[in-house]
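Protein chains in written order, with my numbering: chain A, 1 to 132; chain B, 1 to 132; chain C, 1 to 132.
It is possible that part of the hints are untrue.
To be verified - Restricting the straight-line Cα-Cα distance to at most 30 Å, the calculated cross-link-like pairs of lysine-lysine (BS3-like) are:
(1) Lys20/C - Lys35/A
(2) Lys88/B - Lys55/C
(3) Lys73/C - Lys53/C
(4) Lys88/B - Lys53/C
(5) Lys118/B - Lys70/C
What the hints assert, rightly or not - Not everything, but these chain A residues come out facing chain C in the computed CB check (under 8 Å):
(6) Gly7
(7) Ile31
(8) Tyr49
(9) Lys53
(10) Glu59
(11) Gly83
(12) Asn86
(13) Ala91
(14) Val101
(15) Gln119
(16) Gly121
(17) Leu123
Just so you know, the hints here were simulated from the structure itself, not pulled from any lab data. Glycine included, every Cβ here is placed at the ideal spot set by N, Cα and C.
Below, each chain spelled out in residue letters.
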Amino acid sequence: MLRAPPGVDLIDYLTNFAEKENIQTGLINIIGSLKNPVIGYYNVERSMYEEIKLKGFYELAHGSGNISLKENKLFIHLHVVLGDKNGKAHAGHLLRGEVFVAEIIILEITGEKPPVRKQQGNLWLWDIYHIT
Amino acid sequence: MLRAPPGVDLIDYLTNFAEKENIQTGLINIIGSLKNPVIGYYNVERSMYEEIKLKGFYELAHGSGNISLKENKLFIHLHVVLGDKNGKAHAGHLLRGEVFVAEIIILEITGEKPPVRKQQGNLWLWDIYHIT
Amino acid sequence: MLRAPPGVDLIDYLTNFAEKENIQTGLINIIGSLKNPVIGYYNVERSMYEEIKLKGFYELAHGSGNISLKENKLFIHLHVVLGDKNGKAHAGHLLRGEVFVAEIIILEITGEKPPVRKQQGNLWLWDIYHIT
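Using the sequences plus the hints, can you model the full thing?
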């Protein structure tokens with residue numbers, strides 16, 4: 001359990017935290033509030049992420065992600081659902097976003113080989129189907 | 001932790017996996033991307049699910065669900081939040097949807113009697129209020 | 001794992017349950033359906049929550065929250081994503097909402113000092129950045 005300080009980028013903060021604590025595999029769960037979040041939508045036809053830039057403060061209704069390895073480094077993959085001032089929800093892959101509040105719970109998964117991301121086209125996907 | 005292969009139906013895949021691994025009780029957490037997802041909204045007045053058919057690819061911002069028993073078989077109950085190409089979010093009970101990417105973390109819950117779903121009207125609800 | 005009975009307020013129910021079971025620290029995960037939910041959006045300029053009152057039944061696509069301490073009492077902080085009859089999603093901080101169905105999984109976190117909420121302006125934030 002941790003709280004990210006205001007003003008940091010959420011993805012950077014999580015990456016630094018996981019590196020410092022050497023958490024190679026885990027489940028991430030966050031609620032809070034983000035400023036100017038940028039979310040990605042993967043355009044399958046173009047094989048690329050399109051950026052959706054949201055302005056202002058959004059309730060971080062849920063951040064759900066995982067920690068795994070990509071090119072020998074820890075990689076945070078985080079999807080978010082954001083609520084705007086009218087309660088309308090926006091959702092996608094979090095590219096960046098400034099923390100206003102972030103209450104984070106990380107469940108470290110131990111005793112397993114961490115999944116490794118390999119490039120497949122323009123996506124980096126886990127190399128395994130089952131780790132059981 | 002597992003990744004579902006592209007092209008399979010997500011609910012079918014999870015059901016088969018849980019059966020194969022004999023996971024009777026658990027918490028499911030997924031991020032990824034789905035093609036042509038169909039979500040349900042339970043219409044209380046009509047006591048039935050209405051189907052909402054979405055077309056194309058959607059970011060699976062979050063899939064949250066559980067595994068329990070229904071008529072002596074494993075049953076996956078999964079709700080999803082989906083992001084479209086404009087970042088707008090759609091949400092409901094997942095009826096079906098083709099996997100493009102699905103990074104799945106299942107937390108098996110052991111040491112407890114699994115909850116059993118019983119029919120109440122047109123819903124199948126857990127037979128217990130507390131398992132502690 | 002538990003199911004909240006129909007008709008109760010979800011936040012009240014969770015608070016009572018955590019008090020009864022003396023769960024001071026935990027992660028909450030819920031799927032279900034809520035009637036007349038009221039969600040909050042924190043207006044940073046005004047330093048206050050604005051209430052968004054939704055009418056009717058909504059799929060509770062995801063409820064994500066945590067249990068911590070505030071003024072020596074257990075405090076439930078829960079964010080929700082709700083799906084309406086058209087599948088459109090609404091999201092924010094849950095202020096209140098009547099349970100129609102609520103399948104709840106609480107992961108108790110033990111062996112750590114529970115985070116304590118302290119007032120900072122009009123928000124009650126955890127007093128620590130890392131509990132590791």
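Taking the hints in turn, this is what the structure says about them:
1. Lys20/C - Lys35/A: 37 Å, violated
2. Lys88/B - Lys55/C: 21 Å, holds
3. Lys73/C - Lys53/C: Within the cut-off at roughly 27 Å; holds.
4. Lys88/B - Lys53/C: Measuring from Cα to Cα gives roughly 20 Å; hence the hint holds.
5. Lys118/B - Lys70/C: 38 Å, violated
6. Gly7: 13 Å, violated
7. Ile31: Status holds, d = 4 Å.
8. Tyr49: The hint is violated - Tyr49/A has no Cβ within 8 Å of chain C, the shortest such distance being about 21 Å.
9. Lys53: 18 Å, violated
10. Glu59: 5 Å, holds
11. Gly83: 3 Å, holds
12. Asn86: The hint holds - Asn86/A has a Cβ within 8 Å of chain C, the shortest such distance being about 7 Å.
13. Ala91: This hint holds: Ala91/A lies near chain C, its Cβ roughly 7 Å from the closest one there, short of 8 Å.
14. Val101: 7 Å, holds
15. Gln119: 31 Å, violated
16. Gly121: Violated, about 29 Å.
17. Leu123: Check failed: Cβ of Leu123/A comes no nearer than 24 Å to chain C, outside 8 Å.
Hint compliance for this structure: hints 1, 5, 6, 8, 9, 15, 16, 17 are broken, all remaining hints hold.
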